[in-house]
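A.B. asks: FYI, the numbering for the sequence shown is 1 to 704, going by the working numbering.
These are computed hints drawn from the structure, not numbers from a lab. There could be a bad hint or two in this list.
The calculated lysine-lysine pairs, modelled on DSBU-like cross-linking and capped at a C-alpha distance of 30 angstroms, are [unchecked claim]:
| # | residue 1 | residue 2 |
| --- | --- | --- |
| 1 | K105 | K70 |
| 2 | K329 | K351 |
| 3 | K432 | K210 |
| 4 | K432 | K390 |
| 5 | K680 | K691 |
| 6 | K240 | K432 |
| 7 | K228 | K138 |
| 8 | K105 | K210 |
| 9 | K182 | K138 |
| 10 | K432 | K365 |
| 11 | K329 | K210 |
| 12 | K365 | K434 |
| 13 | K240 | K323 |
| 14 | K182 | K210 |
| 15 | K182 | K105 |
| 16 | K434 | K390 |
| 17 | K70 | K228 |
| 18 | K228 | K310 |
| 19 | K434 | K240 |
| 20 | K365 | K240 |
| 21 | K228 | K210 |
| 22 | K70 | K210 |
| 23 | K329 | K182 |
| 24 | K323 | K365 |
| 25 | K640 | K432 |
| 26 | K138 | K70 |
| 27 | K228 | K434 |
| 28 | K390 | K310 |
| 29 | K329 | K365 |
| 30 | K390 | K365 |
| 31 | K105 | K339 |
| 32 | K434 | K310 |
Keep in mind it's a predicted model, so treat the numbers as computed, not measured.
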Amino acid sequence: MKKLSILIFFVFTTIGYAQKKSNELNKSNPSLVELTLAAGISSATSTFSNNSYAANGSFFELSSTYYFSKIGMGISLGSFSNPTEGNLLEFANEASYPIELNSEKWRTSYYGIGPSYRTNFGDIKATIFGRAGIMSVKPISLEGNFVSEDADAAITIPVYNFSTNETSNLGFYNVGIRLGYKLNPNLGVYITANYMAAFSDAILAQDGTKQFIDINQDGVITAEDILKLGGEVQFQYTEKNIQPQVFNYGFGLSYSFGKRPNTSKESPSRGQTNPYFVSNELEGEMVELKNSGSVVFTNASQKAKKQQQKIIGVLPKNNSVFKNASEIKNFTWQVIGAKITNPQFIIEVTKIGSNQQAQRTYIEKTTSTSLGATRIFKENNLSDGQYRWKVTETTSGNSSDIMFFTFSNCEIDFAISNEEIECLGYEGENRKFKICFDSTYSSTSGDLTFANPGSGLSVFDQSYAALTYTMVSPNPTLLTQIGASSSTVSYCFEVTVSASVTAIGFGLQGDDLDPSPVLCQPGVSANFDELPECICDDCEEMELSFDNFNISLNGASGNQFNFDGDINVNMPIYGIEFQIQSYSYTANPSACTEGVSSVEESGMFLMPGTSINGSTSLQLVNELASGSPSSNDNATKNIKYTSNSALTGAIPVNLTIGLPGPISGLDPSCCEIEYTVCIKVKVFYEESNCKSCVFTHCFTFNNQ
Numbered sequence: 001m002k003k004l005s006i007l008i009f010f011v012f013t014t015i016g017y018a019q020k021k022s023n024e025l026n027k028s029n030p031s032l033v034e035l036t037l038a039a040g041i042s043s044a045t046s047t048f049s050n051n052s053y054a055a056n057g058s059f060f061e062l063s064s065t066y067y068f069s070k071i072g073m074g075i076s077l078g079s080f081s082n083p084t085e086g087n088l089l090e091f092a093n094e095a096s097y098p099i100e101l102n103s104e105k106w107r108t109s110y111y112g113i114g115p116s117y118r119t120n121f122g123d124i125k126a127t128i129f130g131r132a133g134i135m136s137v138k139p140i141s142l143e144g145n146f147v148s149e150d151a152d153a154a155i156t157i158p159v160y161n162f163s164t165n166e167t168s169n170l171g172f173y174n175v176g177i178r179l180g181y182k183l184n185p186n187l188g189v190y191i192t193a194n195y196m197a198a199f200s201d202a203i204l205a206q207d208g209t210k211q212f213i214d215i216n217q218d219g220v221i222t223a224e225d226i227l228k229l230g231g232e233v234q235f236q237y238t239e240k241n242i243q244p245q246v247f248n249y250g251f252g253l254s255y256s257f258g259k260r261p262n263t264s265k266e267s268p269s270r271g272q273t274n275p276y277f278v279s280n281e282l283e284g285e286m287v288e289l290k291n292s293g294s295v296v297f298t299n300a301s302q303k304a305k306k307q308q309q310k311i312i313g314v315l316p317k318n319n320s321v322f323k324n325a326s327e328i329k330n331f332t333w334q335v336i337g338a339k340i341t342n343p344q345f346i347i348e349v350t351k352i353g354s355n356q357q358a359q360r361t362y363i364e365k366t367t368s369t370s371l372g373a374t375r376i377f378k379e380n381n382l383s384d385g386q387y388r389w390k391v392t393e394t395t396s397g398n399s400s401d402i403m404f405f406t407f408s409n410c411e412i413d414f415a416i417s418n419e420e421i422e423c424l425g426y427e428g429e430n431r432k433f434k435i436c437f438d439s440t441y442s443s444t445s446g447d448l449t450f451a452n453p454g455s456g457l458s459v460f461d462q463s464y465a466a467l468t469y470t471m472v473s474p475n476p477t478l479l480t481q482i483g484a485s486s487s488t489v490s491y492c493f494e495v496t497v498s499a500s501v502t503a504i505g506f507g508l509q510g511d512d513l514d515p516s517p518v519l520c521q522p523g524v525s526a527n528f529d530e531l532p533e534c535i536c537d538d539c540e541e542m543e544l545s546f547d548n549f550n551i552s553l554n555g556a557s558g559n560q561f562n563f564d565g566d567i568n569v570n571m572p573i574y575g576i577e578f579q580i581q582s583y584s585y586t587a588n589p590s591a592c593t594e595g596v597s598s599v600e601e602s603g604m605f606l607m608p609g610t611s612i613n614g615s616t617s618l619q620l621v622n623e624l625a626s627g628s629p630s631s632n633d634n635a636t637k638n639i640k641y642t643s644n645s646a647l648t649g650a651i652p653v654n655l656t657i658g659l660p661g662p663i664s665g666l667d668p669s670c671c672e673i674e675y676t677v678c679i680k681v682k683v684f685y686e687e688s689n690c691k692s693c694v695f696t697h698c699f700t701f702n703n704q
């Protein structure tokens, strides 16, 4: 911030002084074109450095500027690099065990275009410039490894990783100042300072650390703890958004050429008041520069997407097993994405039964991302069984995914892995999903058995309500797994859910391995907090059209209309269903109709006049079901036609629809009624009539 303040001070001081010396530059007859070459120090700002370990490095820049008078348009090409070794070493020195580092530089190249403004301070030439363009940041990978110094053979264990995956192209802006001195009419030297920053923080870095456990409980993580754990500890990653920001200051050389000719005060042709527009060649160059600049300023990379905020549960890991609460030590989570100001977290830990229903819930509040287990449970004597936990940030409403753990005195290694979910499509308004997973089990306490295989697997929604499922291949029933050696069994099941279901969880619960009162029951659970989209590819490809439809009055009563035409579908179908979705009408004058006077006039398909594909053998959902004495079993809102063979080409349709008409006895020509009728068409594209696509079409017409 101090460097930026000094730079802004120099820029405004230069502009202020230039107002008083506005005529000196014009009198000196300056050059048209200036080439500059600069090099120096590239200093990373604290924002850039804190997120990326970037330190002071170097920069190089080549620029060319064409001046119309005191104002010109310039193009700059350059690069800067910032080493990471120094800042990374500070991180390593904070650890209580030796870390061997592998570092590299942030390397950035850029090109930009923008205006320049020049003035004089006696013999000193000052130039204020701005640029905007594209910077390209190469990927980086930083590593930290623990290297044992006491072992007979060198042991290397990775403990830290920071990396980006790909070259990032970002929009940037740059503003700065040059102060120069002419060695001769063409050659000069100058010093320069500028501030350069990307428009966004769209570079996404993975920052990975390993959380080692203090095995010897001496209060610090030492080499002994790391050697005992070996490679069993996995990296825990957080995501960081990086926005390159640097101050570049250094020195350079300038070379100028191309003097302006002396011109009279006569106005040039084409009505211009600026004599420098006489040359067509100059005018062409200006247009070219302007166009290239517009490409830079409208580059889409300046509108990079922000990473969505998310809460990630870290410890205890899903399906961990503990003997008591003291083994858990801490519940830990992380916030990914935008920083939360004054966060307020609520952690919920719930003891659950075999049907996933809550038996007891523990709740605690905190403002940090870690909470001791003793603060939550306030006692160490907890009953054995399975528990679930999640964290909610109350100001944003964001919650972590549900995770599970178990208290048990038995030696059980039970896990769910390779969970996959896919949408199989729609069944009516409901979605059908297929979920597959692997069950891995080993235990010295006994085998994994299911006395009632039908109840060993539970499936539930986001409110833990049970869902009906069907197990399918490769194993349509739960199998016994021998505990003496580790074994893995693959399972799949299908579940159909309504639109209100937003998450699907499932769990395996084996039989109790200990006949004594001590509970020794293996159980694991998993949860899909986000369900995949269900997109029907067949319906996306299907096209339906209403061709040559004609609407006419049916008879003289004025309240029945014939909808005649063809339905065309671009693929074979086996059935078609029509439903009156809605209808509306307005009469002129309004008193010329009494509205709906009978069931037949309430937007109904009427038989026997209706036919589909030339057939009157149709399936009707009769209004007779209401039990009303005015019901008509030849009037329906739904009508369906099915075929044993595929229907292709134009399908003739004749629909007779009853609507409100003029008052009985009134000449229909004296009562103009405007109608809008919307019909939903369901097309069945499988012979079994199980799969369908839905289309809606609205007709607007009148009775004249």
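A.B. asks: Of all the hints numbered above, which does this structure not satisfy? Sort the numbers upward.
C.D. replies: 1, 3, 6, 7, 9, 10, 12, 13, 14, 15, 17, 18, 19, 22, 23, 26, 27
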